[in-house]
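Use these hints to put chain B onto chain A, whose structure you have.
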Amino acid sequence: MELQEILLKIDELPTPDPIVQRIVSVASDPNASAKDLAQVIKLDASLTARILRLVNSAYYGLPRKIVALNEAIMILGFKTVRNIALSIFTYSSVVKNKKSTVDHYQLWKHFIGTAVGCELLAQMVGYPNKEELFISGLLHDIGKVALDYIFPEAFAAVTKLTKNLQISFMQAEEKLNLPNHPIISGKMIEKWNLPEIVVYSASGHHAPNNFSESVYSDVVAIVHIVDFLINLMRYGDSYTYGGLTLSSFALNVLGIKPSFLTNLTEKLRLRLIEAEDFLKIEQEVS
Amino acid sequence: MALQMSSNRIHMFISSFIRESSNVKDPDSLLLSLIKIVQKFINCEWIAILDKDLNVRKSDLNDIKIEQDLLEMIKWSMEKMSPTSLVKDQSTTLVFPLMKTNKVLGVLLAKTEEEPVFEVFELISTLAFLSAVVLENLDLYRSLEKQHAIVEETMNYMRQIFNSFPQIVVVLNSQLNPVFSNLQYLEREKEPKLVEAIEKVARNVLTTGSRQVKEVESEGTFYSLIAEKIEYEGETQVLLSITDVTNTKELERLKEIDKLKTDFVASISHELRTPLAAIKAYSETMLSSLNDLDKDTLSDFLQTVYKESLHLESLLDELLDFAKIEQKAMVLDKVRFDLTELIKEVTQSMSELAKSKNVRLEQDTNGPIFIFADKKRIRQVLINLISNGVKYSKENHEDKFVKVSTKLNGTSVVVSVSDNGIGIPQEYQQKVFEKFFRVGSALDYRTEGAGIGLTITKEIIELHGGKIWLESRVDEGSVFYVQLPLGE
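Residue numbers (my numbering), protein chains in the order written: chain A, 1 to 286; chain B, 1001 to 1488.
Same shape as in the complex, but just chain A:
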C-alpha cells in the first residue's frame, strides 16, 4: 500500500470536532485571553465538565478545587487546558473505532504514558515549553490509529507479525510494505493545525538521528527516549514487541547519561499513578 493512498484516506478520518479545532486555534492565538478560550469551551457542556474533572485530578495536584473554567484556564494556562481538550478528543478517536479488534484501552494507555513522560522529561532537562511536549507524546503514535481506521486488516496483520516475530511496529510495517506510522502521525497532526514542534517531534520519534541539524532535535529526542521507556516499562501496549533501540544520539542531544534514565523512570512511575484519571476519560461526569 502506498503512502499516497493512505494520505487520501486520512481525509476521511474524523477530524477533531469544531469546538476542539477552535480550542486549538484560540490556544495558539497570541492575542487571545483566558476569557476567549473559556467562551469556546463552554459551548460543549460535556467537554467543560470533563476538562474540570481532569483539572482537579491528582495529575495537577492543585491545593484547592477549581469550579470555574475561566479560573482553570488562568491557573493551569492556555496550553494545559488545550492539552486536556485534545486528550479528551483523542481518547474518543482511539476508543470509538468500533470496526477495530485492537485493545484500545492499552493503546490509549501508551499514548497517555508517553504524553506524561514527555512533559516530565522536558521539565527535567529544563525545556521551557513542556506543555507542547505533552501533545507530542500524546499524538506520536496517532498514525497507528489512522491505520486501524483505514485498514483494520493491515493493522491486524502488523500486530500479528510484531507479536510472532518479536519485532517493532516499524519493522513489521516495512515487511508488509506499509508506510511508516510516524509519517502518518505527522500528517495528521499537521492537518489538525497543531504547532510544527508537535508535527516534527511525532514524525521523527523513530529516527532522532535524522534531526541532528534541525531546531527540533531536542524535542524529537525527548519523544524518542520516552516512547522507548514507556515500551520498556510495559505501560499500555503500542503493539511493538522487540527491535526497539535507544538512540545514543538522542541522549547526547539532551546531554544526559544512561544513569539519568533510572532517575527518570522512577519519577515517571509516580507521575503515571497521578495521571490515572486520564485513563478513565469515558466515565460519565457526575
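Please keep in mind that the hints were generated in silico from the structure rather than gathered at the bench.
One or more hints might be untrue.
[Claimed, not checked] Below, computed lysine-lysine pairings styled on DSBU-like, alpha-carbon distance capped at 30 Å:
{"no.": "1", "chain 1": "B", "residue 1": "1065", "chain 2": "A", "residue 2": "65"}
{"no.": "2", "chain 1": "A", "residue 1": "257", "chain 2": "B", "residue 2": "1052"}
{"no.": "3", "chain 1": "A", "residue 1": "35", "chain 2": "B", "residue 2": "1065"}
{"no.": "4", "chain 1": "B", "residue 1": "1088", "chain 2": "A", "residue 2": "42"}
{"no.": "5", "chain 1": "B", "residue 1": "1111", "chain 2": "A", "residue 2": "65"}
{"no.": "6", "chain 1": "B", "residue 1": "1280", "chain 2": "B", "residue 2": "1261"}
{"no.": "7", "chain 1": "A", "residue 1": "280", "chain 2": "B", "residue 2": "1075"}
{"no.": "8", "chain 1": "A", "residue 1": "267", "chain 2": "B", "residue 2": "1103"}
{"no.": "9", "chain 1": "B", "residue 1": "1261", "chain 2": "A", "residue 2": "280"}
{"no.": "10", "chain 1": "B", "residue 1": "1103", "chain 2": "A", "residue 2": "42"}
{"no.": "11", "chain 1": "A", "residue 1": "42", "chain 2": "B", "residue 2": "1080"}
{"no.": "12", "chain 1": "A", "residue 1": "267", "chain 2": "B", "residue 2": "1080"}
{"no.": "13", "chain 1": "A", "residue 1": "65", "chain 2": "B", "residue 2": "1052"}
[To be verified] From the structure, some residues in chain A lie toward chain B, with a derived Cβ separation under 7 Å:
{"no.": "14", "residue": "31"}
{"no.": "15", "residue": "32"}
{"no.": "16", "residue": "63"}
{"no.": "17", "residue": "74"}
{"no.": "18", "residue": "128"}
{"no.": "19", "residue": "207"}
The beta-carbon is built from N, C-alpha and C at its ideal position, and this holds for glycine as well.
Just chain B, lined up with the frame of chain A:
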C-alpha cells in the same frame, strides 16, 4: 480589556532584556532589570521577586502583602514548575517560577488589574526562564569567587605560617625550579653554594625516590638539609626544609675545645710531674745519704737535678707563652741579628739531645742572613721545630737526621726543617697547628711535651708577619717551612 502586543515590541523587549542581563554583575541588579522590563509591558500594582523560601528578595513596592490562599497556590506553582495566574477580587497575580533544569530558584509575582493575553504570559515565562539561567550563573560565579577568596586566604595563612618558621622551606618541581618557598628561602636564594647543595640533594631525591639528608656550609653558615618527595597534581616534587645549624656546630666545637683543655691539663700535669719526681727523688737520696756519696756520684746527681729543673723551666715557659697567646699579650722585642749564626748556636745546643736519640743534626746555610726580629722568639721556634724532628724520629731507623736549611727569597727568608721521621698523616697536617693537638691519643707516653709547641711557633711566626706550613709523608718524614720577612 486584553493587552495586546506586536511582535516588533516583543522582539524589542527581549533584546533589551538580553542586553541588560548580560551586563549585570550581581543577582540584585539582574532582578531589578527583570522587574523593570515586566513593568514596561504590563501595568502592575506591584512586581516582586521572592526567593525559594518565599521571602521578598526584590520588589518595586515596599510592604507587599500576599494572602495565605495565594501563597498556597504560589507554592503549588513552584513545586509544579508551572507559571500560573491567580484571580482574586478584581486583580490578577501572575506567578512565574524562576527555574532552571528541575531546580526552582525563586518566583516572580506581578499583581495587575489587566487581563494578560496569552502572548504576554508566554513572554514573561520566557523572561523568567532566561533570568533563572542568568541568576544561577551569577550564583555559581559568586560561589566560585567566594571559594577563590577562601583559597587565597588559606594560601596567605599558610604562607604566614611558613614565613614565621626559622627554617628555609622550598619546594622544587621535577625541573628543579622552585615552585613554593618561604621568605627565608628568598633571602638566601642568591647563595650559590646553598643553591647548588639544594639542587644536588633534590636530584638525589628524584632519582632514588627516598628522603635525603645533607649538611652544607655557605657564607659562614652551616645548614642541614632534609629533602623528601611529595606529589602535586600528578607531578613528583621535592620538599626541602633547611635549618641553620651554625650555633649547634659552634657548640660542638666549644665542647671539643673543652675536652682538649681537660686532656691538656691531664697531659701537662704528667709532663710537669716527671721532672719534678726526678728532682725530688735525687734530692731525697742526696739528703739521706749525703755522707755516703762520693763527689763524682754527687756531681752526677746534681747534674740530673739541674737538667730536670731546666726542663721544668722550659715547660713552664711554654705554658706562660701559651697563656700570653691566649690573652693575646705576647710582645715582640725586635733586634737585628744573623739568622745563620742563630741556627748554628741552636743546633750546637741541641746536639746533646740529638745524640741521645741517635739523630744527626745538619745545617745547610750559606753566609749570614740579617733579619730584624725577636731573637729569643726565633730561637724558640728553631728549638721547637728541631726538637720535634728529633722527638718524632723513627725509633729503629739506622740513619736518622734533622736538617735545617735557609733560602733567601727577595725580602723574605724561608727556613726549612726536614727530617726522615715518622711523618704526619694527611688528615692531621692542618690540625698540628691547633691548640693541644698531638697525633694519636692525647696522652702519648713515648713523647713528651705539652702539645702546644707548634701552636706557639705558629703564633710567633704570624706575629712576625710570616707563615708556616709543612709537607709530610707517613714513614718518610716531614718538612716544616717557615717564611719570615727580613724586615727594615
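Q: Below or equal to 30 Å on CA atoms is what counts here, so check residue 280 of chain A against residue 1075 of chain B.
A: With a Cα-Cα distance of about 28 Å, the restraint between residue 280 of chain A and residue 1075 of chain B holds, given a limit of 30 Å.
Q | Status of the hint placing residue 63 of chain A at chain B (closest C-beta pair under 7 Å) | A | At 5 Å from the nearest chain B Cβ, residue 63 of chain A passes the 7 Å test, so the hint holds.
Q. Regarding the pair residue 1088 of chain B and residue 42 of chain A, is the alpha-carbon distance no greater than 30 Å?
A. Holds. Residue 1088 of chain B to residue 42 of chain A sits at ~22 Å (cutoff 30 Å).
Q: Sort out whether residue 65 of chain A lies within 30 Å of residue 1065 of chain B, counting only the CA atoms.
A: Satisfied, since the Cα-Cα distance of roughly 24 Å is no more than 30 Å.
Q) Hey, residue 42 of chain A versus residue 1080 of chain B, does the alpha-carbon distance stay inside 30 Å? A) holds, 27 Å
Q. Is the Cα-Cα distance between residue 1103 of chain B and residue 42 of chain A 30 Å or less?
A. violated, 36 Å
Q. Given the proposed pairing of residue 35 of chain A with residue 1065 of chain B, does the C-alpha separation stay at or below 30 Å?
A. holds, 27 Å
**Q.** Agreement of residue 1261 of chain B and residue 280 of chain A with the hint, judged by alpha carbon distance not exceeding 30 Å
**A.** Roughly 113 Å separates the two Cα atoms, so the pair is violated.
Q) Minimum Cβ distance from residue 207 of chain A to chain B below 7 Å? A) Not OK, violated: residue 207 of chain A not within 7 Å of chain B, min 26 Å.
Q) Do the alpha carbons of residue 267 of chain A and residue 1080 of chain B lie within 30 Å of each other, as the hint requires? A) The hint holds at about 13 Å.
Q | Agreement of hint residue 74 of chain A with chain B interface, Cβ distance less than 7 Å | A | Given a least distance of 5 Å, the restraint on residue 74 of chain A holds.
Q.
Given the hinted pair residue 257 of chain A and residue 1052 of chain B, is their Cα-Cα distance within 30 Å?
A. OK: residue 257 of chain A and residue 1052 of chain B at ~28 Å, within 30 Å.
Of the numbered hints stated above, those contradicted by the structure are hints 9, 10, 19, listed in ascending order.
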